[in-house]
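Student: Chain by chain, the residues:
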Amino acid sequence: MRAFSYTRASDVNDAVHRIGTPDGDGASTAADKFIAGGTNLVDLMNADVMRPRQVVDITRLPLDTIEETPQGGLRLGALVTNAVTAYDERVARRYPLLSRAILAGASAQLRNMATDGGNLLQRTRCYYFYDTATPCNKRKPGSGCGAIDGVNRIHAILGASAHCIATHPSDMCVALAALAAVVRVTGPAGERTIPFAEFHRLPGDTPQIDTNLRADELVTAIDLPPQGYAEHLTYLKIRDRASYAFALVSVAVGLEMEGDTITHARLALGGVAHKPWRDEEAEKMLAGKTAAAENFRLVAEFILRDARGYGHNTFKIELAKRAIVRALEEAAGKVQP
Amino acid sequence: MMSIPTIADPLPANASQVGRPLSRVDGRLKVTGGAKYAAEHNAPGLLHGYIVSSAITKGRITRVSTAAALASPGVVHVFTHENRPSLAWFDRKWKDEDSPKGSPFRPLYDAKIVHAMQPIALVVAETFEAARCGARLVEVEYEAEHHETDLRARRHHTYTPGNEKTGFEPPPKPRGDADAALKEAPVKVDAEYEQAAEHHNPMEMHASTVIFHEADDSITVYDKTQGVQGTQKYVCNVFGLPKASVRVLAPFVGGAFGSGLRAQHQLFLAVMASTQLKRSVRVELTRPQMFTFGHRPQTIQRVALGAAHDGTLTAVIHEAVQESSQFENYVETVVNWSGQQYKCENVRLEYKLARLDLFTPLDMRAPGAATGLPALECAMDELAYALKIDPVELRLKNYADVDGNSGKPFSSKELKACFAKGAERFGWARRNPEPRSMRDGKHLIGWGMASGVWDAMQVPASAKAALSIDGRLIVSSATADIGTGTYTAMSQIAADTLGIPMEQVRFILGDSSLPQAPLEGGSFTVSSVGSAVKAACDKVGARLLKLARKAHGSPLADAKDDAVEFADGRIRLKNDPARGISIVEAMRGEGIVNIEEQAQSIPNFLKHRSYKLGTHSAVFVEVRVDPDLGTVGVSRVVSAVAAGRIINPKTAASQVAGAVVGGIGMALLEETLVDHTLGRYMNHDFAEYHVPVNADVPDIDVIFVEEHDDIVNPLGVKGVGEIGIVGVPAAIANAIFHATGKRIRQFPITPDKVFA
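If you're matching them up, the sequences are chains E and A in order. Position 4 of the first sequence, counting from 1, maps to 4 under the numbering used here, and the rest follow consecutively. Here the numbering used here = 1-based position in the second sequence + 1000.
Among the hints, erroneous ones may be present.
[Said to hold, decoys possible] Far from chain A, some chain E residues (derived; all Cβ distances over 12 Å): (1) 93; (2) 191; (3) 280; (4) 292; (5) 307; (6) 319.
[Unchecked claim] DSBU-like mimics (lysine-lysine), calculated; alpha carbons at most 35 Å apart, straight line: (7) E/289 - A/1753; (8) A/1421 - A/1753; (9) A/1612 - A/1101; (10) A/1388 - A/1421; (11) A/1753 - E/140; (12) E/284 - A/1753; (13) A/1612 - E/334; (14) A/1442 - E/284; (15) A/1742 - E/334; (16) A/1442 - E/289.
Read the hints as simulated data drawn from the structure, not as lab findings. Where a beta carbon is used, it is the ideal one built from N, C-alpha and C, also for glycine.
Starting from the given sequences, assemble the full structure and let the hints guide the process.
Tutor: Dropping the structure here:
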């Protein structure tokens, strides 16, 4: 960790005006940062990966409530903790997929600190990103990707580029992708909304930029649409140990069903790409299909059609297919979770 | 989730303390934060050191610039190879009590880089944060050289080590003709097994706090170590200091698993900074830096077994290739066990090392056995299937009453009882040997077993016992308690020897000024230090008896030595307990206020020479495997252990349960991954180096079978620190086979290997 200055924002407008971007580069590791739970940022500052000159404390801002939206959904304030969200009665009842995904992640202690807005902005767990002695285009653009020909067991199989094969580590975001949440943000120019699918980016040739949030924009809330898929759902997470590990592959599924037929489907994958991986074409394929393993396998093959392994992580391609089949079977009530 | 079962106290209230499942005497201090660890001791004006780690794996530093770091607020000094003080020259001065042959690593010695993340500078500052910030500002340029870190690539570039380390024995010469016997065997298995590199990763990071005493330039060092006197000797040798100037303390150690057996570099750096700056200094490693020294070495093994149709073993071949560093010849006993565990006339054992540009490996819980036994015990399971014989029965069929390597009988070996009691508790008799024969929903259930073995060792140790007129007994020795329960076990032995209540006994350890004790390792602390404690207390007892005989009207005046006993704070006649005299009375009568005796205990080499001394175990495991997704959960473990007399069944069971957790880690989770292009360990944190968490650990049932042994030592104890881990990885691998029909021979068995 390097010396940095600390300021506390008095309101949202004050917060966004305090953020400076050195050399106009918001993705620079030296860019100013908002701090809330700090469960990822402080770690990264300890590891010398993030070196903000200023952190702006937003923990006193009034963004810590869960409220009904006029459309019949829920609005999660950016500062509501992951734990409060997961155990909120309305969330647990109407959006059990979200509760389950949150509780599949991190540890109780971390969930008590981490905020919903921060969860969206957590950075990859790629070994090379964390180790400043190694090449990493995300940490140091132009330095190369150590993982592509290195140790890449936990890396991406979908949507990666020659510059970066990192994955997004969140569980919560996989559920938010499946639920098609909307992210509300405020910047110096005012408020705007970003559909969840457009919030995170693929690495392309700018892997240092994780999201389409501008450096001086603050996430203020996450809107959950009315449809919560509370009847037919699952969050399946496959990891090396039973708790406190990032997903090798995870699958969030929400279904609408009539009898044994799927009428509408939502499906997103975690642990496989630079962002939660939602495939709307695949979701359309599921509509009208009977809940049967062979149908699910076809969809799984389709979702992984462009998958590519890099050696250690090649197993994830088949694992992801099986996980999709299992998750759909669970959501459709064909097997017990 | 694991819970330590309540252990019934089998003894009547007024009987001896030894054998009782007492709670730790230091438990309260530990759970209330009263126990201070190496990095928790403070001193006025304490400085903090932060280590700069090398960015390359091999080569040399061509330039180092500390100007920016020195200009950073709070930074006091930056040590590098360019400005370090003059240090010892000869290798022998740098050896510690666990050094193998070779040239020990010397931090900041010169510009040479021999392993990734090598410590190359120490930034010392007024606060930890200032030191850390300064460390980021040290600029270093390197000239890199080609490195080799891939054991698979170097497996044929090996050498055969000799007697490189105390306690290590090279494999015995072949007996019979194992290769020919294997060829002729009607039933055989021949397979390759691999153990990944693991890092010890105790919860407490390695740290040294050096308190500088201005009055006489002496230092007190709080170190994370398994042996304070080894640390003291190392510091004195390296820095040319007299023993009187260096006191080392380690009253509490937050786990070690072997990582504290050697002097780690934070010790050197903290002492160097303190003695140079004449200030108190602390250096604590970060978690990633915990991956910059010794580790359980990666090992590739071949085990081939031949058998007659009735299961009689006719050939045993066990070959191992293991990593060592470029600068030391690390060795551990990997293959010898295969010539000892079963009766067989044709045995060939081979052990080779390949030099890699990684740090020297280091003893980690049951070093060698935890690597070699799993290969042998998986092969035995494979053989049992090839023969269609129950795995327990196959082991009984080839049971060894004599150590085949040495031809010596075992001083005691209740392994048969371990098989019997473990199998009974587990319900092994109900097992259908057919793979994939048990299913629960989407899970396949598997039952597997394996045996374990470890040496029962004893080394010289000393202890002091001081009894005061108020009936309090203080016993001390420079040993350690790395979470093992030394404080408690020693107190029990002392209390028993002099018949004094536990509350009046205090045991002191972890201070280099105390009577000599070995490193706490090898499972030999209770046998070694416990014997010394008993000897010291016996000497106090002998003096007490003399006093008691002299007391006015003493009922013991004519009593022979062996006719009396110490109990309930009294010295009394064995055959007439009512007749006796209290300890306090005996001392008061002669006006003695304090009795202090020191004793050394040395193993009875003459007696030991004719026997093989060891501990044994049988481990039974149930796993639940999701065959589609590859996830494995351990749902039941029964570990039956034969380890002589158990001083404290509660702390001993806790040791074995902890070792089972370590075994689950070995079997399913722990692996330090090397990027061979960079020559660097990559998953060097607790997010990506996976140790088992509570959710991975089921209830663990520990059984101690009765085992009497009057040859090992007068206490009849063998130690339980290592035996608990040895059989676990193979039992789990064998259970996975039973569940899935799939043999996985590479540890750890991660989901990718299971579902593929």
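Student: Confirm or reject each hint.
Tutor: Hints versus structure:
1. 93: 26 Å, holds
2. 191: 35 Å, holds
3. 280: Nearest chain A Cβ is 25 Å from residue 280 of chain E, so the label holds.
4. 292: Given a closest Cβ separation of 16 Å, the condition holds.
5. 307: 15 Å, holds
6. 319: Non-interface label fails for residue 319 of chain E: nearest chain A Cβ at 6 Å, not farther than 12 Å.
7. E/289 - A/1753: Holds, at about 33 Å.
8. A/1421 - A/1753: It holds: about 33 Å lies between the C-alpha atoms, which stays within 35 Å.
9. A/1612 - A/1101: It holds: about 26 Å lies between the C-alpha atoms, which stays within 35 Å.
10. A/1388 - A/1421: 23 Å, holds
11. A/1753 - E/140: Between residue 1753 of chain A and residue 140 of chain E the Cα gap is close to 34 Å, so the pair holds against 35 Å.
12. E/284 - A/1753: 33 Å, holds
13. A/1612 - E/334: Violated. Residue 1612 of chain A to residue 334 of chain E sits at ~58 Å, over the 35 Å cutoff.
14. A/1442 - E/284: Holds, at roughly 28 Å.
15. A/1742 - E/334: Holds - the C-alpha atoms of residue 334 of chain E and residue 1742 of chain A are around 27 Å apart, at most 35 Å.
16. A/1442 - E/289: Given that 35 Å is the threshold and the Cα spacing comes to 24 Å, the pair holds.
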